[in-house]
Structure formats: structure tokens, C-alpha cells
Amino acid sequence: MIEVRGLAKAYGMRPVLRGLDFRVEPGEFVAVVGPNGAGKTTLLRILSCLARPTIGEVRVAGRRLPGQATAVRRILGVVSHQPLLYGELTAQENLRFYGRMYGLTNLEARIEEVLDVVGLAARRHDLVRKYSRGMQQRLAIGRGILHNPELLLFDEPHTGLDPEAADVLDGLLTKVSSEGRTVVMTSHDLGRAAGLGSRVDILYGGVIARSVQRAEIPADELAKLYRQVTHG
Amino acid sequence: MAERAGAVLRAGSPSALSGYLKAVGAVIWKDLTSELRSRELLGSMLVFALLVILIFNFALELDIRTRQSVTSGVLWVTFAFAGTLGLNRSMAVERERGCLDGLLLAPVDRSALFFGKALGNLLFMLIVAAIILPVYSLLYNANLFLPALAGVIVLGSIGYATVGTLFSAMAVQARTRDILLPILLFPVVLPLLIAAVRATDSILLAIPLAEIRGWFNLLIVYDLLFIAVAIMTFDFVVEE
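Chains as they are written, first to last, in my numbering: chain H, 1 to 232; chain U, 1 to 240.
Hint data in this document are derived by calculation from the structure and do not stem from the laboratory.
Keep in mind that the hints are not guaranteed to be accurate.
Subject to a maximum C-alpha distance of 25 Å in a straight line, what follows is the list of computed SDA-like cross-link-like pairs (lysine to any residue) [as the list claims (entries may be wrong)]: (1) H:Lys130 - U:Gly98; (2) H:Lys130 - U:Ala230; (3) H:Lys130 - U:Trp29; (4) H:Lys175 - H:Gly27; (5) H:Lys130 - U:Leu32; (6) H:Lys130 - U:Ser38; (7) H:Lys130 - U:Leu36; (8) H:Lys175 - H:Tyr131.
Which chain H residues stay away from chain U? Per the calculated CB distances, all over 12 Å, these [stated by the list, open to error]: (9) Ala109; (10) Glu112; (11) Arg129; (12) Val212; (13) Pro218.
Rough simulated footprint, nothing fancy, chain U against chain H, three-plus residues with beta-carbon under 8 Å [said to hold, decoys possible]: (14) 44-53; (15) 64-74.
Only a predicted model underlies this, so the values are computations on that prediction, with no experimental measurement involved.
Ideal Cβ positions, reconstructed from N, Cα and C, are used throughout, including at glycine.
Work the whole structure out from these sequences, hints included.
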């Protein structure tokens, strides 16, 4: 589903990614972990067609980026630490707006379905600026899955959530990812990422320093490995 | 650029064109609905424009004849300042909660996003102009309800909204966006403002339209040129 080779990205003179290789198979849930500033968000922004690679080859579903970005955006759902929602629109209006941007048919029925999935059907007419942070993130997931994307990218979706809201979000992430979608999630919270991902990649120094199948390594050993990689 | 060319070719098919226009319409609908709720953008533009007119009115204690001669300048300075305020606010809304990324993730040619935002901004500028003109007519004792003047205002506003939307998308990423926009915008819109002021002046002096065709042509060429520039560059302006 995703194939990245020799990806480098620099902002001015500051390199963030340095020849990164990364591969994700269809249906996999990959958690990319790393300390702040490791380049997790940059990697996801490149995969989301929001940033251009400085050098390197990026393919999503066989399509090359940035050349075939419009086609890739059609199969992509992105949930970031910001909800990407308009405060002066209601939940229903926000989904209606994004549905129109994606050219969805049967939009109203799909909006109802999505509001049910994220548990916000009863609050559909409330303005988003009146929502709590947790509710905004749930609606953001609704926005992300509205067009039924094959690939979901989550960029630190738990940022700013209290533990209870983060648990609700975990349940939702598990639910939407168990429908055969490919998921890549970045996080600096190793425990939470390891609990969700089937594979954990440690991003450090602008490259994927280690990649482990979650089933092959106990949580405490994974934590030890993470410390070894990030603290030398 | 290759993708842009492909999108333009594909846009020839009715379904692609319909999808493109729906995306443009969705952005305008979203901006209008948000604005009807908050009234932040139009409210601030209107109050600011009225204040500028009042300040000019009291600062320049002029006789009727001189007032008429400064009308076009004061009018376009008011439109330009109020327009900048609106452009800044319009793009700031996209920055809040990361909404600009949400727009950029949509699988449409990015020129559709540009046209949606630019048409929304144009609409707000024209609404402000429609409210300002009667007030101005009263204060400056000038008849501004002339079809040719409406044409100049529409052409001038199209150019201003086009360049302003492009530059506000550029400035929105910067920390100093509020001051950056006028610094970038005013030098580039100077030819447009000169043409608009001269055309307005000539219309108010009842000079025959045939004699001021040059200013109209300049406004039209400016509008077309910057619409083309915006289509070609918007993608690069908004992407990191």
C-alpha cells in the first residue's frame, strides 16, 4: 500500500528525514513512534500529499507522489492532532462540506452512518466550537472515514485528550481500522501506539531505526528497545 | 505542473467539470454559512470602511468642489484597506483547527479551492461596497449610483480579491501574517488601484466612456493575468 525509498526532507538548511525507507502492506496497522522532532509529522504530511519530498521515491497504492497526488487523496483519510473542522459549522454541516469536496453520492445517508459510528448523532446540530476536545477528535475521525478511504493516516490523534477521552478514541481507532483498512499512526506515546499497532516502527534521526512486529515482542522489551534506540 | 495539465484536460468531461464546480460551490457555501453565523468578517470590514470614510470626511474639511475631486481616491483607499482586513480574516479561519489542511486533502484540483476562496472574498468585498456607496454619497455629496462605476468596482474587486487570496494563502503560514499581507499585496495591486481610481475619476467627471476605455482594458487585462498566475501557482503556494 505504501512504499517509500530514500526519502529525505529538509526545511531550509534543517534536514528532518534522511534517506528513510518505509513499507506498509495492505491491511496493516503500523504505529510510528519517536521522540518530538523525530520527523513523524513530516513523514505523514508527505504521505498525505501536504508536503513535497526533497528527494526520494514515494508510492501510495501504486501511485507516485507528488505527481499523482489527486488520485491518492481520493483513497486517503487523515486525522491529525488538529481536528480540521470549522467551528462555526455544525457537525452535520462540516461532514456535508467535506462530503461535497469528495463528490460523494448519497451524502446525507453516509453522514448519518458516520455520526452513528462516532457517537455524535444526538449532537449533530451543535456548532463544533461548542464541542469538547474529545468530541472534536471523534468528529475528526468521522471526517476522516466519511469517503470510506482505503488508507488512514493518524498524526498524534491523542494530543490534548484526557485519559478517558483517549480511551474512547482508542476504541474508535480500533473499530475503524478493523474494517480492512490500512492504518499508519504516529505517536510519541509508546504504550498507546503499541496497544493499537500490529507493527511498531521507531523513527529516530530521520530514518526508521527499528521495526518490530508487535506480536513478537513483549511490551517491556519494546520499551527497552525504544530507550536503547532513542538514548543510545 | 503535469498533474495540473492533466486535470485541465480531464476537466473537459462533464462529470469532471461538475465535480470541479461543486467543490468551488462547497467552499463558497462554507464561507457564507460560517460568516452568517459569526459576522466577524463582514462586520469588521464594514465598521472599518465606515470609520475610514468618516475620518477622511472630518480630516479633510474640504469645499464641495475639492471633495468631489478626492472622491475616487478616498473610495478606493477605503475598499483596499477594508478588503485587506477581510482577506486576512478569511484565511485566518482556514488556519484555525488546521482547516487549510482539510481543504488541501480534498481530491480536487487545487485551483478549485482558490476559486472558492477568491469568489467568497469577492462577494464580501462587493457587499461592503454596496453598503458603503450610499453612505459615501451622502457624506461627500456625490452621485455614485452609475452603471459604469459599478463596472469599475466589480473589475477592481475581482483583481483585488484574486491577488489578495493568492497572497493571503502565502502569508497565512508566516508568524507575521497580519503585517505581511499588506506589504506583499499593495505594491502588486498598485497598477489595479491606479486604473480603478482614474476610471472612477473620469466617470464622476462625466467623461465619455470611449475616452476611458484604456483604464477599463487595463483592469480587464490585470484581472485575467492574475487569475492565470493564481491557477498556475496556487498549488505551490499552499504546499510545503
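Hints versus structure:
no., hint, result
1, H:Lys130 - U:Gly98, "17 Å, holds"
2, H:Lys130 - U:Ala230, "36 Å, violated"
3, H:Lys130 - U:Trp29, "21 Å, holds"
4, H:Lys175 - H:Gly27, "13 Å, holds"
5, H:Lys130 - U:Leu32, "20 Å, holds"
6, H:Lys130 - U:Ser38, "13 Å, holds"
7, H:Lys130 - U:Leu36, "17 Å, holds"
8, H:Lys175 - H:Tyr131, "22 Å, holds"
9, Ala109, "18 Å, holds"
10, Glu112, "19 Å, holds"
11, Arg129, "9 Å, violated"
12, Val212, "30 Å, holds"
13, Pro218, "36 Å, holds"
14, 44-53, "holds (count 6)"
15, 64-74, "holds (count 8)"
The structure is inconsistent with the numbered hints 2, 11, although it conforms to all the rest.
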